[in-house]
Amino acid sequence: MLTFAQDFTRAAARVTADLRHRGLIQRALKSYEVKRDEFKGRYQNWGEARQAASEIKWEAINHLDRYLAEFIAKLEARGTRVHVAGTGEQARDYIVQVAKENQVRTIIKSKSMTAEEVDLNEALEHAGCIVFESDLGEYIVQLRHEKPYHLVFPAMHLTRDEISDLFHRELGSEPTNSPEELTMIARRVMRQNYCRADMGISGANFAVAETGMISITENEGNARLTTSLPKIHVAILGIEKVVPHLEDLALFLPMLATAGAGQPLTCYNSLLGGPRQPDEVDGPEQFHVVLLDNRRTELLADAEQRDALHCIRCGACLNVCPIFKNVGGHSYGTTYQGPIGSVITPHLRGLQNWKHLSSASSLCGACTEACPVGIDLHHHLLQNRRNAVKGKPSWWEKIAYAGFVFVMRRPFLYLASGKLGSIFFPLHKLVRGGPLDPLQGWTRTREFPAPAKESFQVYWKKKKREAGHGDS
Amino acid sequence: MAIPDQREEVFARIREALREPAPHRHADHAADASAPAAADGPPPDADAFRAWLPAVGPTLEEQIALFAQNAAQLKADFRAVASPDEAGRVLATLARENNWKRVATHRHAPVSDLAEKLGLPCLFTDAGYATADLESCDAAITGCDALVAQTGSVLVSGRSAGGRALSVLPPHHVVIAGRSQVVPDLAAALRLARQRYAPDWPSFLSFITGPSRTGDIERILVLGAHGPKQLTILLVG
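Sequence lines, in order, name chains R and W.
Numbering-wise, the working numbering puts 445 at position 445 of the first sequence, and it's gapless, one number per residue.
Numbering-wise, the working numbering puts 107 at position 107 of the second sequence, and it's gapless, one number per residue.
Just chain W, with the same shape it has in the complex (with noise of 0.2 Å):
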């Protein structure tokens, strides 16, 4: 038995409602009631958000050193390393320190170079993959999209890192970036994404800010709820 979509009904009890325009559209609850209501102009777009949000720097050095001080305050490890033979060592490092004993990650160069060089067992999620498997790894290395000062977020999809699970599973993510990645706020890293991928856009996308936390108990601060309890973000070059 099929249940039946609603969707006539519903779209025409939206019309009907509509009919009545709204008194006002401003937020602005002091102004003048008896002042005329503003023109029905296009709403602001994302260029104007700027001028409002909290501010970022206009070069590339000062965008950084803003996003490495909110990443500090997500308790994210951000590290600016100066060539991939670098990025390289830190990762031997970070294994040693954490004993991983089997990494997850995707073909993407310089990813999955990376991930190799530290020989140890190499899950690549691009062919498909076991849950089980992946959920066993204990680090996750990927590439992204974007990072993002504003906020200290990492922009991720399907493509730039390995596709939805891999980031998210493995209790510690490493992501790869590059200097050419770093954008001011997300309205630049949305218009980066839609110029990559429009109209064939990814299945998924995220913006990841910080390690996974909680605060559903007495509103303290948790790390690693579900998703990763340790996130590394690597700028190389």
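Same shape as in the complex, but just chain R (with noise of 0.2 Å):
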């Protein structure tokens, strides 16, 4: 078996060559970048809003155990039935038995990054129900059996053919070309649904401890329909969710929905308090909040690195990332892509087997540059580098450099490996980008510099030679 590792190394390689893929994304991700910037430009101060969404965020995960404490009896007063799930598993199990409990046949499901992150849908479905993802891009990936591409933007790596063929393919619809006729067939078949499912499922984006209320964001309407039709709502949500109060959500909206989609403000801004009260004409009759830990209190407890859990999934770090834009989503091999994925992959699922994505960036600094709520993402990634190299040294490296060390120390060996260097380059060439290269990784795609014809060294001492000489 291949290791994550090999995985991630043989599937950029694959993708980056991909020059159509490449083409969809660069065209994709430029759209975005023009809108972005567009309302960004009407922000008075963004740095300001920045700083002050990150200082919010910062309140609230180092209070994390009273404001969540707060948004549980918050919501327990109004009937919400909350499930506190430590692990991914538990999260699961809980829900299936709530779907068993209520003989739950048929689940709607509004895109949640969480409900990915525990495998939901394959629980639900080993138990017996039907799960239909009615987000528009995951409906597709659900249909393709594959992964969210992007945590945002699922299906961004098709194309309106590849879609209309799936659909042709699965729905039987006929084949069109317009992505309006396509978003079309999608309404008419989560119509059906909408109407007869027995369960909703959602994620949510901010927990407002204060009102204790959820806060889901979204474009299309299929959350607002996932969490008002069906008689049982069950939303699951990362801990690291909460912001202190309702007012905060000024803030956070509006830069969600410009940093994330490059909008002013994102569709639909729902906020949900409970199961139907009393007065109330509709909603589900029961309300589960399930609030999953799955290792976040491992990354909380790294102070250094405990700025990622301010992450509103907002995908802006992708969006911007040179080597998300080569090696696309799906190499990652992760719930959470792109440079947010990379910084905190590790935490949520082990140093040692997840490590090679904290060398996934060019360190060029644009995640850390794009993120609304200021997360220090490149020089978290160092961080994961060197505590990855603390945990388990290589031993080639630890050869490696004292043999580096060595030689540094001692000006005679410097000389003499640099002019090694210069007698084996010619060699080089014989072997250069084939299988006994040792060098092959590096000079398969790129060139090798050649060493200098004279060393600085033997440079300078000649300089001052001939200085010499001129001055006598």
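If you're looking for bench data, these hints aren't it; they were derived computationally from the structure.
Just to be clear, a hint being listed does not mean it is correct.
In silico lysine-lysine, DSSO-like type, Cα no more than 27 Å apart, as pairs [to be verified]: (1) R:Lys30 to W:Lys75; (2) R:Lys231 to W:Lys229; (3) R:Lys35 to W:Lys117; (4) R:Lys35 to W:Lys101.
Simulated coverage check for chain W against chain R, where a stretch passes if three residues somewhere in it have a Cβ under 8 Å from a Cβ of chain R [stated by the list, open to error]: (5) 7 to 16; (6) 43 to 50; (7) 64 to 70; (8) 126 to 136; (9) 210 to 217; (10) 223 to 233.
If you only want the chain W side, here are some residues facing chain R, beta carbon under 7 Å, derived [to be verified]: (11) Glu20; (12) Leu120; (13) Cys122; (14) Gly163; (15) Arg164; (16) Pro171; (17) Leu192; (18) Ile220.
From the three backbone atoms N, C-alpha and C, an ideal C-beta is built for every residue, glycine too.
Please assemble the complex out of the two chains, which come individually in their own frames, going by the hints.
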């Protein structure tokens, strides 16, 4: 079996060479960039807004016990059933149990990366339920038996023709190259599902502690229907989603939309604070909120990287990342792709197995710059590299660095190694880029710089000698 | 078999994790790292946000103009009408042009009067309804809590808009609002909701910002993904 690192390297090499894929992603992200800059430009001071967003999340995360307790108490006071799950398995088991107790057959689901993280659909299907993803992009990748490509744009790697073929094959619809007609096909299918579903499952973007409400951000209206029509609504969210006050959303909702999708505000921002209340005309009879730890507390315990829990999952860091744009979302093999995924996955799934993601970065810092809550992403990648080496130093690196130190401390060896380089370099030409090349990891796709004809030391000595002659 | 709640374990882990304080609280990475961390003052509040978010004029007229501009950009149909009678005429025209056969609404002055005057079969959601019935309606006519100038949003709640589904299931949503409901920004809208409802909040509140949309296919905008394809906002008075 391949390791996660080998999987990643192979997938990345394959996708990077796919110029059609690269063109598709770059076109999609270009239109996002134009819109994002337009709406960012309308802010009177984006930098100050970002600072404030970071401070509010800092307050929430660094007093998480207090705010989470308040959130739970307020929800329970209005008849919501709150379940705190330590692991993904416990979250799955609880939701499957709710489904079984209520004889649930059909489930409609709006987009939730947290549900993806715990493989919720698989568990529910295993228990005999039929699960429909209602978000258009999620529905498309579900029909393809694929994972979401991007945490905000799940199907951005597909063309309209591929989607038309998929709908034709799976739904028997007439082929079309109109995005509008394709959207209407999904709309018709999903309408029936909302009406007959026994249970709706959603995620949440924010958890408002003070009023005990979850906030869901979406464009399509599928989350509103999912949380309105079925008689049971289950929301699954990470414990880090908490914000202290309702009014904090006045900052977070526009920033999430602008950073994440290049919109001034997403189409529907809904607050849900309980099941249907006695004086209300509709809404679910049962409202369950599943709060997931799943090793988030390990990230919380790392004070240096704690701010990674400020993440509002807008995807802005993916959209600007040169690595993401080339290797694509699926190569990562993680629930959360791109820079934020590379930072948090080693915490959520184990550092040694996922440390290779810390190198999936050019360290350009575009991610840190783009983050609307100011997470120090590219430094966290470096910290993960350091921690990985500290935890499990590699024997050949140890030997290589010991050798390096040995040579660097002895000028005559240093000089001699430079000479050796000049002697061996012409021979390197014979094997360059081939299987016998010791540097093939580099030379297969890149030039190796030729050593200078003379070293700086030799040059400097010569220069001084010449100058000395001139003086006399 | 009950699935055990892990509340105590998770809270214990959180408290343990937070024993070590986080090193800094600021987003500004350019700041000198050796400078002392800012005092742990309270985080900024909603009044402070105003200075950073997109600007909104101070007068009601400016705010209505901004709302109209935002609505146009969102492809929502915004019209200011002088009187309830004029609103009724606009509704009648919409009903004719869009060939409405049945509308849905809720008991809420002046919304239900306007809906009933159309002379079409009318579903009221107040006493409960069958989902299939509501789904078969061509338009929903509802009230709202506020219109937000800064974003072109309509704030609705389960109480102001006839429940959760009325404003999202039918393909055309018509909002009836008064001039006094226009507020400058999201912070003002949330404050207004707090004054009106707290602590007995409705279980549902939503900011509706334009008709339902998606960009999931090649990032190309399509209206009417799952919610209404058309959103009309009538500002009366």
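Are there three or more residues in the segment 210 to 217 of chain W whose C-beta lies closer than 8 Å to some C-beta of chain R?
holds (count 8)
Given the hint that Lys35 of chain R pairs with Lys101 of chain W, does the C-alpha gap stay at or below 27 Å?
With a Cα-Cα distance of about 39 Å, the restraint between Lys35 of chain R and Lys101 of chain W is violated, given a limit of 27 Å.
Does the CB of Arg164 of chain W sit less than 7 Å away from some CB of chain R?
4 Å, holds
Tell me if the interface restraint on Leu120 of chain W is satisfied: Cβ within less than 7 Å of some Cβ in chain R.
Where the cut-off is 7 Å and the nearest Cβ of chain R is about 21 Å from Leu120 of chain W, the hint is violated.
Mind checking the alpha carbons of Lys231 of chain R and Lys229 of chain W for me, to see if they're no more than 27 Å apart?
With Cα atoms ~26 Å apart, Lys231 of chain R and Lys229 of chain W stay inside 27 Å; holds.
Restraint check for Lys30 of chain R with Lys75 of chain W, where alpha carbons must lie at most 27 Å apart:
Holds. Lys30 of chain R to Lys75 of chain W sits at ~22 Å (cutoff 27 Å).
Agreement of hint Glu20 of chain W with chain R interface, Cβ distance less than 7 Å
4 Å, holds
According to a criterion of three or more residues whose C-beta lies within less than 8 Å of a C-beta of chain R, is the segment 223 to 233 of chain W covered?
That given contact holds, which follows from 5 residues of the segment 223 to 233 of chain W lying within Cβ reach (below 8 Å) of chain R.
Holds or violated: is the Cβ of Cys122 of chain W closer than 7 Å to a Cβ in chain R?
15 Å, violated
8 Å C-beta test of the segment 43 to 50 of chain W against chain R, three or more residues:
holds (count 6)
Would you say the segment 64 to 70 of chain W counts as covered by chain R, given the rule of at least 3 residues with C-beta under 8 Å?
violated (count 1)
Verify the interface restraint on Leu192 of chain W: the C-beta must sit less than 7 Å from at least one C-beta of chain R.
Leu192 of chain W check fails; min Cβ-Cβ to chain R is 11 Å, beyond 7 Å.
Hints 3, 4, 7, 12, 13, 16, 17 from the earlier list are contradicted by this structure; the remaining hints agree with it.
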